[in-house]
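Residue numbers (this note's numbering), protein chains in the order written: chain A, 438 to 776; chain B, 438 to 776.
One thing to keep in mind: the hints can contain errors.
Any copy, or any two copies together, can satisfy a pair, since identical chains are not distinguished.
Said to hold, decoys possible - Below 30 Å or equal to it, Euclidean Cα-Cα: the simulated DSBU-like pairs (lysine-lysine) are:
| # | residue 1 | residue 2 |
| --- | --- | --- |
| 1 | Lys764 | Lys731 |
| 2 | Lys482 | Lys731 |
| 3 | Lys753 | Lys731 |
| 4 | Lys651 | Lys731 |
| 5 | Lys533 | Lys764 |
| 6 | Lys536 | Lys704 |
| 7 | Lys731 | Lys763 |
| 8 | Lys622 | Lys722 |
| 9 | Lys731 | Lys495 |
| 10 | Lys722 | Lys764 |
| 11 | Lys740 | Lys475 |
| 12 | Lys624 | Lys511 |
| 13 | Lys753 | Lys482 |
| 14 | Lys740 | Lys753 |
| 15 | Lys704 | Lys624 |
| 16 | Lys475 | Lys485 |
Hints were generated in silico from the structure; no laboratory data involved.
Computed from a predicted model, the values in this text were never measured in an experiment.
Number of protein chains: 2
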Amino acid sequence: MASVESQQDFFEGTEKLLEVWFTSSDGTDRDLRTIERKDLDALLKLVKCEIISCTSSKEMDAYVLSESSMFVTKDRFILKTCGTTTLLAAVDGLLKLVKEKVGYDMVMDIFYSRKNFSRPELQHGVHQNFENEVQHLDTLFPNGSAYTLGRINRDCWYLYTLDDEGVSHPDQTFELLMWDMCPEKMKIFTKEVCQTGPEASQKSGIVDIIPGMKIDDFLFEPCGYSMNGLLPDGCYITIHVTPEPHCSYVSFESNVPQESYHDLIEKVLDVFRPGQFLMTIFANKASIARDTHKTLENQHTIKGYRRSDHQMCCFKNYTLTYTQFKKSAKPTQFSRPII
Amino acid sequence: MASVESQQDFFEGTEKLLEVWFTSSDGTDRDLRTIERKDLDALLKLVKCEIISCTSSKEMDAYVLSESSMFVTKDRFILKTCGTTTLLAAVDGLLKLVKEKVGYDMVMDIFYSRKNFSRPELQHGVHQNFENEVQHLDTLFPNGSAYTLGRINRDCWYLYTLDDEGVSHPDQTFELLMWDMCPEKMKIFTKEVCQTGPEASQKSGIVDIIPGMKIDDFLFEPCGYSMNGLLPDGCYITIHVTPEPHCSYVSFESNVPQESYHDLIEKVLDVFRPGQFLMTIFANKASIARDTHKTLENQHTIKGYRRSDHQMCCFKNYTLTYTQFKKSAKPTQFSRPII
Numbered sequence: 438m439a440s441v442e443s444q445q446d447f448f449e450g451t452e453k454l455l456e457v458w459f460t461s462s463d464g465t466d467r468d469l470r471t472i473e474r475k476d477l478d479a480l481l482k483l484v485k486c487e488i489i490s491c492t493s494s495k496e497m498d499a500y501v502l503s504e505s506s507m508f509v510t511k512d513r514f515i516l517k518t519c520g521t522t523t524l525l526a527a528v529d530g531l532l533k534l535v536k537e538k539v540g541y542d543m544v545m546d547i548f549y550s551r552k553n554f555s556r557p558e559l560q561h562g563v564h565q566n567f568e569n570e571v572q573h574l575d576t577l578f579p580n581g582s583a584y585t586l587g588r589i590n591r592d593c594w595y596l597y598t599l600d601d602e603g604v605s606h607p608d609q610t611f612e613l614l615m616w617d618m619c620p621e622k623m624k625i626f627t628k629e630v631c632q633t634g635p636e637a638s639q640k641s642g643i644v645d646i647i648p649g650m651k652i653d654d655f656l657f658e659p660c661g662y663s664m665n666g667l668l669p670d671g672c673y674i675t676i677h678v679t680p681e682p683h684c685s686y687v688s689f690e691s692n693v694p695q696e697s698y699h700d701l702i703e704k705v706l707d708v709f710r711p712g713q714f715l716m717t718i719f720a721n722k723a724s725i726a727r728d729t730h731k732t733l734e735n736q737h738t739i740k741g742y743r744r745s746d747h748q749m750c751c752f753k754n755y756t757l758t759y760t761q762f763k764k765s766a767k768p769t770q771f772s773r774p775i776i
Numbered sequence: 438m439a440s441v442e443s444q445q446d447f448f449e450g451t452e453k454l455l456e457v458w459f460t461s462s463d464g465t466d467r468d469l470r471t472i473e474r475k476d477l478d479a480l481l482k483l484v485k486c487e488i489i490s491c492t493s494s495k496e497m498d499a500y501v502l503s504e505s506s507m508f509v510t511k512d513r514f515i516l517k518t519c520g521t522t523t524l525l526a527a528v529d530g531l532l533k534l535v536k537e538k539v540g541y542d543m544v545m546d547i548f549y550s551r552k553n554f555s556r557p558e559l560q561h562g563v564h565q566n567f568e569n570e571v572q573h574l575d576t577l578f579p580n581g582s583a584y585t586l587g588r589i590n591r592d593c594w595y596l597y598t599l600d601d602e603g604v605s606h607p608d609q610t611f612e613l614l615m616w617d618m619c620p621e622k623m624k625i626f627t628k629e630v631c632q633t634g635p636e637a638s639q640k641s642g643i644v645d646i647i648p649g650m651k652i653d654d655f656l657f658e659p660c661g662y663s664m665n666g667l668l669p670d671g672c673y674i675t676i677h678v679t680p681e682p683h684c685s686y687v688s689f690e691s692n693v694p695q696e697s698y699h700d701l702i703e704k705v706l707d708v709f710r711p712g713q714f715l716m717t718i719f720a721n722k723a724s725i726a727r728d729t730h731k732t733l734e735n736q737h738t739i740k741g742y743r744r745s746d747h748q749m750c751c752f753k754n755y756t757l758t759y760t761q762f763k764k765s766a767k768p769t770q771f772s773r774p775i776i
């Protein structure tokens, strides 16, 4: 059992991730970025987090939060929050806000996802288990589908989405969730080693993952790091680091379109050197990433990591690839149960 | 809420399915079929079912049970039981029996699977939910992996298996689990229409699904049907029918090797005409069915059925395809949630 001390030190880096696409039945041009700051602040109060800073590109407003990030475009709202935030408490409020203040009257698609928590018992409300989260979302959406990818008795990843056609323009989301991190790499994301977010971004190599990003980065006291990186054409990356050795965790997310994510994966792994990671790739039919699952099916190793799980889901418009890797010098030993 | 009457009439057709492969560390030739009948009877007592009849081929003994079927070969034990049987209560006893009476000292692979129950609350012991079943199996196997395929808030299918290399010779298992059955077709499996198992096998067209089977079939009083069909080279099919309209369910299972299961699927669908079905195909690397998942990925319709879910899992030695279909004249209506 964990001591009182280690319980106090524990931080749940694993994020809850919500992405909602809106549309209008009358086709009128609308924009989620017209929502006022005070309304966003009130919405985030329900989630128990707040805005630290904001940067913008032509296509999106990107917010660094006290717990992770938020991205707002014309028709898409992304909210990613870690710790013991109560993300789903804001969904109903978000729908009402969008209807009243922006005028969108339909949800085109929704994706709610997360890895299994290290300590689910510390979460609040419906977030202690996925079944409760699903029940809550089912009260808001008539045709939601809930899935579990990976091993339910080890590490897994949960998804709630609509059984619907979704957006028709190219769309893809790539996520790398990493844990059992390299302690040396994690030191960079503490005030012992770096004084500021930009210093940590530089020293870690984050600035070089995709060159030319407009970066908004923040180093927390005494440790922890968040960044949003904006790229042309509405592309973004977002990285969040929980460096504490006993609960180390890093997430990398991006919507950059790639026919193969191989080089990007290797770059991210070089920066963070996790002991284990899982990767999810959503790509719709119009995306150049739509066949990624086929090449990944035969990829059993990446740079000293060995695959432990690989799954693929076909949805109406998206293909989802889920794959999990573990650092390993050689194949796992044969371990036939002895009777 | 269901009336008392309908609760009494309810039968859970959905089976629990266990397949265990054994091996010896010393390579000595052994045979599970040397287990005595009295020991099998005692084992099935733990499960709360019993043997009705037995047929044999050169490669296997096939048993029709009071609740479903059992197959025993040299090194593989298959037990499939429906209703409120307690299948997992027998796993520990099976391992001990096999070690003491046969001499196998290692489990080479295990597959425990089932669809979600219609009425889980009527099940006994660990069987009320999959998490408890997994906890029980985890006490017996050090490297078990548990998965959920399909939608956890609709219909889904659970699997527990070992993260291991498994058998190296060609192996494949094809299962079609069907529900919302055609009432006309189901009438055949009642004593109102047929007097015996063979009459029901003939009238339904089951005898023609794969010609040349050695059939052991049984029609229950007042309704319900079970059959085992033995084929050359250790192949089998097994069918179980729960015809009651309010809880109709049929399962079809076979290990016949096929490069494509398309024709077999169409034949089985013609015999039973379900409203919905899910299909699972396991194929190891040596099987001619190993690429089935690739052709099925692009199969969105089969004979008036439309696909609602498609998933693929890569295990160390097996590829598993999970797919679900629903009877449908046209694509599901767009159903974007209105805010």
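Subject >> Unmet hints by their number, sorted upward, for this structure >> reply: Result: hints 2, 4, 5, 6, 8, 9, 11, 12, 13 break, sorted rising.
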